[in-house]
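Undergrad: Go by the hints and put chain D onto chain A.
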Amino acid sequence: MDGKASRRSFLAAGLAAPAAGLARRTMDVAYGVGAAAPVSYRTLGRTGLKVSAVGFGCMITSDASVIERAAEAGINYFDTARGYQGGNNERMVGAALKSRRKQVYISTKTHGASKQAALADLETSLRELGTDYVDVWYLHGIGNPSQLTDEALEAQQTAKQQGKARFVGLSTHSNQAEVIQAAIRTGKIDVVLAAYNFTLFKTLEPALEAAAKAGLGVIAMKTMAGGFRKARPGTDLHARLSRQGAMLAALKWVLRNPNVHTTVPSMTDMDQLEENLKAMREPFSEADQQILAEHLRHIGPLYCRGCNRCLDQCPQGLPIPDMLRCLMYAEGYGEFALGRERFLELPPQAARVRCRDCAACAVRCPNGVRVAERLIRAQELFV
Amino acid sequence: MAARMLAALGLLSAALPAAAQKPDCSLVPGWTQHGPARSFEPDNLFEYMDGNAEGYLLYRFVRMQGVTCRSGGDTVVFDVSEMADPEWAYGMFTANRDPNSPTEPIGMGGQILPRKATFAKDRFYVEFSAEPEKDHRAALRAFALAMEKRIAGRSRPPETLGWFSPEGLKPDSVRLVPESVLGLRLLQRGYVAEYEFGKAFLVAESSPEAAAGVMAKLRARFTGSQAVAVAEEAFRASDRYLGGLCFFRKGRYIGGFANLKEGEDAAGAAARLAARIP
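So the protein lines, in turn, are chains A and D. Mapped onto my numbering, the consecutive letters of the first sequence carry residue numbers 33 to 415. Mapped onto my numbering, the consecutive letters of the second sequence carry residue numbers 40 to 317.
Partial list, computed: chain A residues near chain D (C-beta under 10 Å):
no., residue
1, 93
2, 95
3, 100
4, 121
5, 305
For the record, the hints were derived by calculation from the structure and aren't laboratory data. In this text, a Cβ means the ideal position worked out from N, Cα and C, and glycines have one as well.
So that you can see chain A by itself, here it is in the shape it has in the complex:
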């Protein structure tokens, strides 16, 4: 396999050189209230809201003091959802921002499947947040254009007409490019909130650019690539990712893209907040590039991205993504039993075929995963 070549091109496209169309734009820079760190602001598409380039994802925050400190430092975009912490998250966000409601923007989301359910959710959100409007109200977790129903869009328009939502949007974590294009086509969605980071960009950047060009506000979440949180203490991955600067580098990488108007990294403590604030005053550097490249070097050959482009490549008919997923359970998460359990549920060829017996592997992973090596490892471990 030519894993190195694939990996090099992957890195070159995403890290070593700015992606096409990422020309740097002038950004407003202001000083946050009572803070030494400058906070930069960008315009959230046609909403016209001037949002801090680093916003605040409140989902896993457990202490209101961190949110208060962020607002005081100049961060002015706070993201929550009806479903976070069983509704407790909205309550905490509302309490933390109560005294400065007019100086900040609050967004929340609904999973409501019908117009009635969505609007009922909004009423609950407003009550829990202690406000009579939200700045952006999202349809939560849209993974398919078919979920953008007339009823859902109608609920959003009703909320706008009633003054309960200033602007409306959707959040998406999967099938993102297609969903974003569909959002543009509706002409009714003001903001898109998408998972965007240094491991997820090839297919997404054209869609983000199209959204920004169409006047939509674009907000990035999962900016730290999720895997940072999944790394368990005591593992090599955790040690590598905990190295000072890795999280900051990932956030700065996202902020390079002028089509991203703000970001909503999760924050649980003051240290994280201070670090994230730095992303607005420090440019993405050579050192950041090296940190992220090192992380990609680590995950690139090991972790399947689930693109399924290898599915029909194996002449023995091996279910490659599934086998690699089992291996990830065992090695990535330390869940050997779970990995083996899932492996034994796969079609019989997964256990019967021995990749070592093939003279050469026909599978070429576009993301640089060393497929043959990883499959041999899975067979050694589970069979």
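TA: Chain D alone, transformed into the frame defined by chain A:
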């Protein structure tokens, strides 16, 4: 060889899905399963919980099994999440319960609301949510009680809860914070309780020495702190966001109060908490 075989058997038994913990619509007469059973692990939970998976991962989520049950025009979504240990399952429950509604002694703790029921027992966090909009409490209670009987293991809440003095404690306010207690990274994981006059916390470190190390760092962080005589070591300070505070160490535990209302005796409150730690 024998040891290896035993280890393998152990791994296999851990891998086998325990039937008792599987959600089952037939637990309540008149309900039947609609559609296939669901199963999710940490790396694909987002496919089900799109946008909320991280809230589970934070509490050391291991796997989830779920079914959708129907009876007439009513639907109950029934999910059982396995967490790493009972404390995490209980923590998940505390993070998601409605503080404005009463809890019930179902497993380690439970709550029945008109359209939602949750409880934690042993290392399992069980959730039910009902459609359409109406009061489903009778059905949800029947499901919760039947499922609670099926799950073996711990049904006592963590002992730590009893260490918070009941005087002035807001009902059902004690919760497990999975990381950065009080928004301080140094306090990695612990319990927080809301009082009428402030916020109490308790964090367990691995050893008294480790706790002493954390205390030293905390003292350095809060400039202008003053030593006070509580437990083995303590200090009080004032912080822009955490207000009046007093932190102490007793053995491997670090505890204290923050956001104390003006005029409250920080050291006195901390001493009362310290005295309840065995």
